[in-house]
Amino acid sequence: MIADEQTLARLMVASQKGDQQSYTVLLTEVQLWLERYFRRRCPPAQLDDLVQEVMMALHNKRAAYDPDRAFLPWLAAIARYRWVDHLRKVYRQAEDGLEDYDAPEDSDEEAVLARLSLERMFVHIPVKQSAVIEMVKIEGLSIREAAQRTGQSESAVKVNIHRGLKKLSAIVEKAE
Amino acid sequence: MNSERKRVSPNPLIEQMAADLQPVRSIRFRDGLILVTLAIIVTILGVDFIKGLWFNGLSGGASAFFVITNGLLLILGCASVSSALKMAAPRVGNSHDGPKWAMAMAAVLPLAAFVTLIGHDHGTSLLNDPYGLDCFVGGLWAAAATAGALVYWLRKGAPVSPNLAGLHVGVASTALGSVAYGLACPIDGVVHLGLWHVAPVVAGAIIGRYALPRLLRW
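Read top to bottom, the protein sequences are chains A and B. For the first sequence, the UniProt record's numbering gives the first residue as 1, with consecutive numbering after it. For the second sequence, the UniProt record's numbering gives the first residue as 1, with consecutive numbering after it.
Please keep in mind that the hints were generated in silico from the structure rather than gathered at the bench. Accuracy of the hints is not assured; some may be wrong.
Cross-link-like lysine-lysine pairs, in silico, BS3-like; alpha carbons within 30 Å at most [said to hold, decoys possible]:
#, chain 1, residue 1, chain 2, residue 2
1, A, 128, A, 17
2, A, 174, B, 100
3, A, 89, A, 17
4, B, 51, A, 17
5, A, 166, B, 156
6, A, 174, A, 89
7, A, 167, B, 100
The model shown is predicted, which means the values in this text are computed figures rather than measured ones.
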């Protein structure tokens, strides 16, 4: 079980004061949390890179955590920001597809985190945009394959990916 | 679950980051507010030094439009400052909708100016305002210190919506800058205030939205 919000917040406050032991525990918990957070929205081969990228962001921006506010919504905002950034950079890597990856189910105790999830962001963009982002940027299909599967033209797929990513980056904090 | 924990424990990145750990001063909203308040005080002192404040207007000699315009711009500036400061410490669940309503409220000012122009027999003569451009440029200059403070604050933090953060910085700084410069402007007509004292905010919104995000990305 990953530590609860209060414990993580306490560890973060101690880390901001320079407590290395608390920081090690915090980062270990954060790594677990991020792996679960991203596993359905990132090909397994890219998961480690993305998790490490967010952990580096946490390290570099640790002063940006306000101890008066909750920790997980802060971490989720940074994770979403890096994820959208990551989607922009991803190119076709068919072998990294999610099709054969058997992602474990979320446990009930994480239901509270559902409102912070990446899925909640997709609710706020049109289906035609989320579908092609999912196919091309997450599953690793080519533009042509996504066009065939969705019935959209290739240029429409490109436009929908561009518009969808732009919209996602605008709702990093807002979508819950 | 235990297998997950065993797998992540020897991560060398964690060891390295823990070894590099230095104490940091965390970002707090009130610190940002103090910084922006200082920037506004410096701006008002600068306006007083260069132009001289219109003390007769400030002590009740100005028209109601003077109070309404500066009051609405002040509310807009405060709402945008609050959002911009909060964006340095992001969180899922922040909507930052307050400034949008304040912007809609402030949009009444140019609308009132246009209605006045349309309803006036010699409307175009009201547009012949030799001080208008001076107030526009002055309002933009007076935004510099607040904009600098907000950009500095956001760069210390972790804004995850740089476009929106840029927009809020632009609107906040120019709204407060226009109020600061407006304290030295003795022209208190609805057309002058509704057009030339609001125009810097429109320019600030455009500059903030399109020029500032590159300074705020991380």
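Structure-based check of each hint:
A C-alpha spacing of about 47 Å is found between residue 128/A and residue 17/A, which places the hinted pair above 30 Å, so the restraint is violated. Pair hint residue 174/A plus residue 100/B holds up; C-alpha atoms about 14 Å apart against a cutoff of 30 Å. At most 30 Å may separate the alpha-carbon atoms for a hinted pair to count; residue 89/A and residue 17/A exceed this at roughly 35 Å. With a C-alpha separation of about 46 Å, the suggested pairing of residue 51/B with residue 17/A is violated against the 30 Å cut-off.
Distance check on the hinted pair: residue 166/A and residue 156/B sit about 24 Å apart at the alpha-carbon level, within 30 Å; holds. Between residue 174/A and residue 89/A the alpha-carbon distance is near 23 Å, which keeps this suggested pair within the 30 Å criterion. Annotation: proposed proximity of residue 167/A to residue 100/B holds, straight-line Cα distance about 18 Å (limit 30 Å).
Checked against the numbered hints above, the structure breaks hints 1, 3 and 4 and satisfies the rest.
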